[in-house]
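Work out the full structure, taking the sequences as your base and the hints as a guide.
Numbering follows our numbering, in which position 43 of the sequence shown is assigned residue number 43; successive positions increment by one, without gaps.
Take these hints with a grain of salt, some might be off.
Here are the simulated PhoX-like cross-link-like pairs (lysine-lysine), alpha carbons at most 25 Å apart as the crow flies [as the list claims (entries may be wrong)]:
id	residue 1	residue 2
1	Lys6	Lys66
2	Lys6	Lys34
3	Lys6	Lys57
4	Lys34	Lys57
Restraint-style ranges between C-beta atoms, simulated for each label pair [to be verified]:
id	residue 1	residue 2	range
5	Ile69	Gly33	28 to 38 Å
6	Ala30	Lys6	15 to 25 Å
7	Glu37	Leu71	27 to 37 Å
8	Ser5	Ile69	16 to 26 Å
9	Ser5	Glu68	30 to 40 Å
If you're looking for bench data, these hints aren't it; they were derived computationally from the structure.
Small disclaimer: the values here were computed from a predicted structure and weren't measured.
Cβ coordinates follow ideal geometry from the N, Cα and C atoms, glycine included.
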Amino acid sequence: MKSYSKILLAAAMCFLFSPGPAAAVSQPPAVGGKLPEISLAAPQNAELQLYLGVSGKQTFAIPEIKAEIVLIEIFSMY
1 MKSYSKILLA
11 AAMCFLFSPG
21 PAAAVSQPPA
31 VGGKLPEISL
41 AAPQNAELQL
51 YLGVSGKQTF
61 AIPEIKAEIV
71 LIEIFSMY
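Rendered as structure tokens:
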């Protein structure tokens, strides 16, 4: 359980400090629409890359994450 917490924390840090927000668009997606393509920096840790299913890549997109469900929380900050 402890290593799972470390992996989750490291993945969250990678997402928070990735260049993803630089690719923001001026309008939010329509209700029921799709998110715009966002390129995220892959974690440096091989274990985290394996966890996300993005091994051997410098960047990846959200649809590339090997998971049945991916939850995305969007913050609107000014």
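Tested hints:
Note on Lys6 and Lys66: the hinted pairing holds, with a Cα-Cα distance of about 19 Å set against a maximum of 25 Å. With a CA separation close to 30 Å, the supplied pair Lys6 and Lys34 exceeds the 25 Å bound. For the proposed pair Lys6 and Lys57, the alpha carbon gap of about 21 Å is at most 25 Å, so the pair holds. Between Lys34 and Lys57 the alpha-carbon distance is near 24 Å, which keeps this suggested pair within the 25 Å criterion.
Remark: the range hint 28 to 38 Å for Ile69 to Gly33 is contradicted by a beta-carbon distance near 19 Å. A hinted range of 15 to 25 Å for the beta carbons of Ala30 and Lys6 is inconsistent with their spacing of about 38 Å. Evaluation of the 27 to 37 Å hint for Glu37 and Leu71 yields a failure: the beta carbon distance comes to about 18 Å. With their beta carbons about 20 Å apart, Ser5 and Ile69 fall inside the hinted range of 16 to 26 Å.
A hinted range of 30 to 40 Å is violated for the C-beta pair Ser5 and Glu68, which are about 21 Å apart.
Going through the hint list in order, the structure does not satisfy hints 2, 5, 6, 7, 9.
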